[in-house]
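> So you can see what is in the structure, the chains are spelled out below.
2 protein chains.
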Amino acid sequence: MPSPELGVRALFFDVFGTLVDWRTSVARESELILGTLGFELDWLAFADAWRGEYQPGMEEVRAGRLPFSKLDVLHRANLVRMAPRFGLDNLSDEVLDDLTLVWHRLDAWPEVPAALTRLKARFRIAPVSNGNISLMVDLARRNGLPWDAILGAEIAGDYKPKPRVYLAACAALDLAPSQCMMVAAHSNDLAAAAAQGLRTGHIARPNEHGPGTGETSPSIEVDVAGRDLADLATKLGL
Amino acid sequence: MPSPELGVRALFFDVFGTLVDWRTSVARESELILGTLGFELDWLAFADAWRGEYQPGMEEVRAGRLPFSKLDVLHRANLVRMAPRFGLDNLSDEVLDDLTLVWHRLDAWPEVPAALTRLKARFRIAPVSNGNISLMVDLARRNGLPWDAILGAEIAGDYKPKPRVYLAACAALDLAPSQCMMVAAHSNDLAAAAAQGLRTGHIARPNEHGPGTGETSPSIEVDVAGRDLADLATKLGL
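Chains F and Z, in that order, give the protein sequences.
Take the first sequence: its position 226, counted from the start at 1, is 226 in the working numbering, and no numbers get skipped.
Take the second sequence: its position 212, counted from the start at 1, is 1212 in the working numbering, and no numbers get skipped.
Hints were generated in silico from the structure; no laboratory data involved.
All values reported here derive from a predicted model rather than from experimental measurement.
Glycine included, every Cβ here is placed at the ideal spot set by N, Cα and C.
Some clues are possibly wrong.
With the Cβ distance kept under 8 Å, some of the chain F side facing chain Z (calculated, not the full set) [as the list claims (entries may be wrong)]:
| id | residue |
| --- | --- |
| 1 | Leu6 |
| 2 | Asp48 |
| 3 | Arg124 |
| 4 | Ile133 |
| 5 | Arg141 |
| 6 | Ala149 |
| 7 | Ile150 |
| 8 | Leu167 |
Make a model of the complete structure from these sequences and hints.
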């Protein structure tokens, strides 16, 4: 099990799914906007469908077919592509802009703010998310996430799981990859970080995409695994 | 006088001199390292001489003669250039590395942490400094500076007062320049920010380079001026 004695100086966090519950938050916030306009949808299905466009949207950037755009831009394009499936063919630019910002109003899983505060006592802590800086700032202010810095895709100019996103985060803190631990609820994120030499911490989020849909344990070997972030903090000696 | 009603959403801060007392901190921390090795210098003069290499070092980057390097790298090169003037001709790489990091251990002016906390209640707050991310993180952890994000030179890939440093900070928060206020104790920094459309806030730091050496008031027209950061917060309605 890793411990400060093993030289971990910074913890990097995946955010969507790992620290915040995007699914019920996007459903709730979308209903607030579209329900007022008279739409009645399956709001959780709407959130799932929007999130379903997430990886294909980023892949255009990762593959070099599109220049880097911040995730807000991709979220909006993904919405435009997906909305007709829900009968939303003629949303105004203003409504599309408003909806795009629902991703700035996601709620943290309950234990996260206090656990991050515990972890900050010993480690530098930063999101290494595909979300853009302004989105990360808004989630932090909403939920009281005490980041030391906002790292991730916008700093690197590319999207996870591209190696440079993890390596740019280490470089920003002047640390070797072996001094940094990626924390995520997704084994593929951790596998990509480990391939660059980072340590890995897994958190179970069994309900990320709905009850029983998320990873309850990692599918790869990791340095530490927790039931949630509070458990991970305990296992890191805090 | 600017107020939240006038649309300012974010405050950007110069750090060296404006928020932290680099002079007495560098003198003290350098003495801790070099005094132990038997050197007896005028430590304040040493700090002043090191800082004196600051603008020429960055100018190589701003003029395009050197690729962007983080300020830690420039601080070390500036030290190597300046140290012989103090009889320090043969410092080891280890001592040079240790000395470079004294810039990560600067003390905030006394009112700064509480004033930033007040300001954060209404504004997004971020350093827009020429210091690198890891340096800003270390100063924040040492002094309890509750940043929303670390912006500035390393994000922009260039040094103030180049326009892109200010504009990259606005863009990172999805704000127009008119929604952002640069806060500094140096009129030239504020003039450069204003030229890009940012609002401006001045803080008096009359003792930055020693008693009576700093700006007691701005030499240009600014939107708001404070005796210190607490006074500025009050004048911004907090």
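> All the hints need checking, so say for each whether the structure fits it.
Going down the list of hints, with the structure as the test:
no., hint, verdict
1, Leu6, "violated (21 Å)"
2, Asp48, "violated (26 Å)"
3, Arg124, "holds (6 Å)"
4, Ile133, "holds (4 Å)"
5, Arg141, "holds (7 Å)"
6, Ala149, "holds (4 Å)"
7, Ile150, "holds (4 Å)"
8, Leu167, "violated (14 Å)"
Against the hints set out earlier in the document, violations occur for numbers 1, 2 and 8.
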